[in-house]
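Let the hints inform the model, and build the full structure from the sequences given.
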Amino acid sequence: EVLLQQSGAELVRPGSSVKISCKASGYTFTDYYMHWVKQRPEQGLVWIGRINPANGNTVYAEKFKSKATLTADKSSNTAYMQLSSLTSEDTATYFCTTWGWGYWGQGVMVTVSS
Amino acid sequence: DVVLTQTPPTLSATIGQSVSISCRSSQSLLHSNGNTYLHWLLQRPGQSPQLLIYSVSRLESGVPNRFSGSGSGTDFTLKISGVEAEDLGVYYCVQGTHAPYTFGAGTKLELK
Chain A
1 EVLLQQSGAE LVRPGSSVKI SCKASGYTFT DYYMHWVKQR PEQGLVWIGR
51 INPANGNTVY AEKFKSKATL TADKSSNTAY MQLSSLTSED TATYFCTTWG
101 WGYWGQGVMV TVSS
Chain B
1 DVVLTQTPPT LSATIGQSVS ISCRSSQSLL HSNGNTYLHW LLQRPGQSPQ
51 LLIYSVSRLE SGVPNRFSGS GSGTDFTLKI SGVEAEDLGV YYCVQGTHAP
101 YTFGAGTKLE LK
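Protein chains in written order, with this note's numbering: chain A, 1 to 114; chain B, 1 to 112.
Just so you know, these hints were derived from the structure itself, not from any lab.
Remember, predicted model here, so these are calculated numbers, not experimental data.
The C-beta atom is built at its ideal place from N, Cα and C for all residues, glycine as well.
The reader is advised that the hints may include incorrect statements.
Unchecked claim - Derived CB-CB ranges, DEER-like:
{"hint": "1", "chain 1": "A", "residue 1": "84", "chain 2": "B", "residue 2": "7", "range": "31 to 39 Å"}
{"hint": "2", "chain 1": "A", "residue 1": "54", "chain 2": "B", "residue 2": "35", "range": "19 to 27 Å"}
{"hint": "3", "chain 1": "B", "residue 1": "108", "chain 2": "A", "residue 2": "14", "range": "29 to 37 Å"}
{"hint": "4", "chain 1": "A", "residue 1": "88", "chain 2": "B", "residue 2": "5", "range": "26 to 34 Å"}
{"hint": "5", "chain 1": "B", "residue 1": "45", "chain 2": "A", "residue 2": "66", "range": "28 to 36 Å"}
{"hint": "6", "chain 1": "B", "residue 1": "18", "chain 2": "A", "residue 2": "66", "range": "43 to 51 Å"}
{"hint": "7", "chain 1": "A", "residue 1": "113", "chain 2": "B", "residue 2": "86", "range": "22 to 30 Å"}
{"hint": "8", "chain 1": "A", "residue 1": "57", "chain 2": "B", "residue 2": "10", "range": "37 to 45 Å"}
{"hint": "9", "chain 1": "B", "residue 1": "5", "chain 2": "A", "residue 2": "63", "range": "16 to 24 Å"}
Said to hold, decoys possible - If you want the footprint, here are the derived chain A segments under chain B, 3+ residues with CB under 8 Å:
{"hint": "10", "region": "51 to 64"}
{"hint": "11", "region": "99 to 110"}
In structure tokens:
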């Protein structure tokens, strides 16, 4: 069974950074891109970017190029997303998804507040 | 970036009613490899999105066959033939042909 298990909710200060994880199981981690998606409260879905876990190659949406950094650890089948210089605009749920949008993590709620 | 325009934004339906959602793209979603990467997702309240239809018309495993997708180029439709209570939520189209990948704004399906 394919599972994407994401890390827990985060409460972080403005200006800080946060790194969230997405541990994959039930399939060959390096066979499929991992995408990251943002959803602000009561709003729609926004694509952040994707990583090829086989070689670490990344593609980002323009507005996230200086905000998000995607990495992947093949040894632990885990994808990571670091968000930097956090503001209230970054308060959202962040999902990882793979296998052509067929599998999704449960989402990580990141709250940016002082 | 490709803009996906979904209509209607809200849909009220009774149980058993058939409904359709439109997704129009600002440019063709036909990839140079011959595939069209237009997919449909459902997000139930408080849940992660789930894939219903991929590549325009292919039903994801485990999804009821009352869901169907059609279209080509820039114009796509999701049809639900006989709405059931479990179908309530927000439907999104998403394109994976042109990076950056983009989502439609969503269509909220409610009970009338």
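Structure-based check of each hint:
1. A beta carbon spacing of about 37 Å between residue 84 of chain A and residue 7 of chain B agrees with the range 31 to 39 Å that was offered as a hint.
2. The hinted range of 19 to 27 Å is satisfied by residue 54 of chain A and residue 35 of chain B, whose Cβ atoms lie roughly 21 Å apart.
3. Our hint of 29 to 37 Å for residue 108 of chain B and residue 14 of chain A holds, since their Cβ atoms are close to 32 Å apart.
4. Remark: the range hint 26 to 34 Å for residue 88 of chain A to residue 5 of chain B is upheld by a beta-carbon distance near 28 Å.
5. At roughly 33 Å, the beta carbons of residue 45 of chain B and residue 66 of chain A sit within the given window of 28 to 36 Å.
6. Between residue 18 of chain B and residue 66 of chain A, the C-beta spacing of about 46 Å keeps the proposed range 43 to 51 Å intact.
7. Range check, residue 113 of chain A to residue 86 of chain B: about 35 Å between beta-carbon atoms, so the 22 to 30 Å window is missed.
8. Residue 57 of chain A and residue 10 of chain B have their C-beta atoms about 39 Å apart, which keeps the hinted 37 to 45 Å range intact.
9. Between residue 5 of chain B and residue 63 of chain A the C-beta distance comes to about 20 Å, which sits within the given range of 16 to 24 Å.
10. With a threshold of 8 Å between beta carbons, the proposed coverage of the region 51 to 64 of chain A by chain B holds, since 4 of its residues qualify and at least three are required.
11. Only residues whose beta carbon comes within less than 8 Å of a beta carbon in chain B count, and the region 99 to 110 of chain A has 7; three or more means the coverage holds.
The structure fails hint 7 only (numbered hints given earlier).
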